[in-house]
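> Take the sequences, apply the hints, and build the full model.
Taken in order, these protein sequences are the chains called A and B.
Going by the numbering used here, the first residue of the first sequence is number 1, and it counts up by one from there.
Going by the numbering used here, the first residue of the second sequence is number 1, and it counts up by one from there.
Hints in this document: simulated from the structure, not taken from any laboratory.
Among the clues, some could well be false.
Unchecked claim - Far from chain A, by Cβ distances over 10 angstroms, these chain B residues were calculated:
1. F19
2. A37
3. F57
4. F94
5. A141
6. Q156
7. A158
8. D159
9. T160
10. P165
11. T169
12. I200
Said to hold, decoys possible - Restraint ranges, calculated between C-beta atoms of paired labels, are given here:
13. P198(A) <-> G18(B): 53 to 61 angstroms
14. G50(B) <-> D47(A): 32 to 40 angstroms
15. T66(B) <-> D157(A): 22 to 30 angstroms
16. H92(B) <-> T66(A): 48 to 56 angstroms
17. T160(A) <-> K190(B): 48 to 56 angstroms
18. E180(A) <-> T66(B): 20 to 28 angstroms
19. D131(A) <-> E212(B): 25 to 33 angstroms
20. S100(B) <-> L197(A): 47 to 55 angstroms
21. R213(B) <-> D151(A): 29 to 37 angstroms
22. D159(B) <-> L161(A): 54 to 62 angstroms
Even glycine gets a Cβ: it sits at the ideal position worked out from N, Cα and C.
There are 2 protein chains.
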Amino acid sequence: MLIQTDFRQQAHPSRADGFVVSALLAHARPCAVTLYAENSVIYAQGDAAGPLYLVEFGAVRLCRLTADGRRQISAFHFAGEVFGFEFDAEHHHFAESVDSAGIRLLRRAVDDHLAESVLPLALRNLSRAQDHLLVLGRQNATEKIAAFLLDLAERQDADTLLSLPMQRTDIADYLGLTFETVSRILRKLKDARIIQLPTIKQVEVINLPALERLCG
Amino acid sequence: MLIQTDFRQQAHPSRADGFVVSALLAHARPCAVTLYAENSVIYAQGDAAGPLYLVEFGAVRLCRLTADGRRQISAFHFAGEVFGFEFDAEHHHFAESVDSAGIRLLRRAVDDHLAESVLPLALRNLSRAQDHLLVLGRQNATEKIAAFLLDLAERQDADTLLSLPMQRTDIADYLGLTFETVSRILRKLKDARIIQLPTIKQVEVINLPALERLCG
DNA sequence: CGAATTATTGAAACATGTCAAGGATCGTGG
DNA sequence: CCACGATCCTTGACATGTTTCAATAATTCG
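What follows is the structure in C-alpha cells.
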C-alpha cells in the first residue's frame, strides 16, 4: 500500500458489470483508492474478510497454495471488477497486485441494501470460476492457452492487441500448467500464424477464428 | 419429473448451511418437492434461469460439455444444499439427478429480501468452486481422489462409511480424470489399507489420517 | 438366467512435466 | 548512457503420470 488518492470521478472501463458496479457504489461507502505496487499483497489468507475490493486500474490475482507450495491462481481481476467475496469471516485466498494497481475498498453501508447489488457480482464470479473448471478439468494445454487469450480479449475490449500484465508463471498457475509449457504453446500459436508476440507482455491475435476453433 | 409430494415438514440433513437455508425458506415461496428418477434432467443448458433448487434428498450433478463432447461436472449437490444460481437469465449448465432425488423449487417471493439469504449460499458455492479449482489445476490423480473422498466424508457427516451414489464416470468427469484412472487409484488406496470397498457404491475409510496426508 | 451396462486391469502411446542450458529483458549503479 | 547482475523467458532432451485401447470381470436389470 503506497498512496491514497481519490479517483471517485474516474470512469470505469468495465463492460458487462458496469451497471451493477454503479449500483454497488451507490449503496456502499466507497473509500479512496489505494495504489499497490507490482506484486504487493492486498490481503492474505486468514485475514478478516468483509469489505469488497473494486479494481480501478491494473490487474489482481487471487491465489491459493497447497501444503507443499504448489500455487493455483483462482482468478485474475481487471479494471471494473469486484473481488474479495467470502462465505465466512476469513479470507481463503490471498490477493496480490499483478502490476501497479488501484483498488477501491467498498465497506458495507449501514442500510444493508448492499446485498442486492452484491449478489450479481458474486454470481458473475461464480460463473467465471465454473467456466474455469471446464478449462482446468477437460482442456489440453493448447485449448487452455486459447481460452485464456480469448477471455483476455473479451475483458480488455481489445480485438487484436492484448496486454499480458502477468508473467508466464502466473499464466501457468492459472491454467494448471508449467511456465515452460505456456512458453511452448505460445510459440506454437505464433508458428501457426494465429498470434504474434510483439513484446513479451503483448499478444496480437492475427487469426481470431482459428483461436476460437482451438478452444474445444 | 415424476411425482409431486409435499415434504415441507421434513428435517434437513444439512450441516453448515442449515441455518441459511431456513432463512431462505422463510422468504421464498417453497413449492412441493419433485421426485426425479436416476439420471433425469432437472434443467438444461439454455433453459431460463431464476428459481433456485433445494436438494431434499439424493444427489445432483451440474455439468457442462465441450463442443466435442467432453464433460466437466462443476459440482455435486447433496441434501440440504441449494443450486441453480446464474448471473444472467439463462442456465449455463445442465443439472441432472445422480440417483433418485427430491428437489424443492424455490421461487422468488414478492418482497425481495430474498437476496440477503441467497447471497451466503451463492458465496458458499463460489467457495466450493474455488476449492475445486486448486484440485483440478494442481493436484495429481491420487490427491484428487483423496480430496474427493474427504469432501464426501465431510458433507455426509459420516466419518468412515461413505456412499458413492455416482458412478465412476461421474467421479472422473468431476476430477478431470478418466474412469479407468479413478478405478486404478481406488484400487491403490485399497491396497494401501487406507480404504475398503465393501460394495461398488460404498467406500469405508479405514485410515483417515493417511487419506488426509494424501491431499497435498 | 441372459443381456446390457458398469467396473477392473493390463500394455502401449502420448502429452506434459522435469531438468538443464542459453538468451532476452529489466532495473540499478557507475 | 552503458554495463552488470538478477530475473524472466525460451528451447531442448529426457522422464513420467495419465490416457488410450483392449480384454475380462462384476453388477444391474429385465
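> Identify every previously stated hint that the structure contradicts and give their numbers, smallest first.
16
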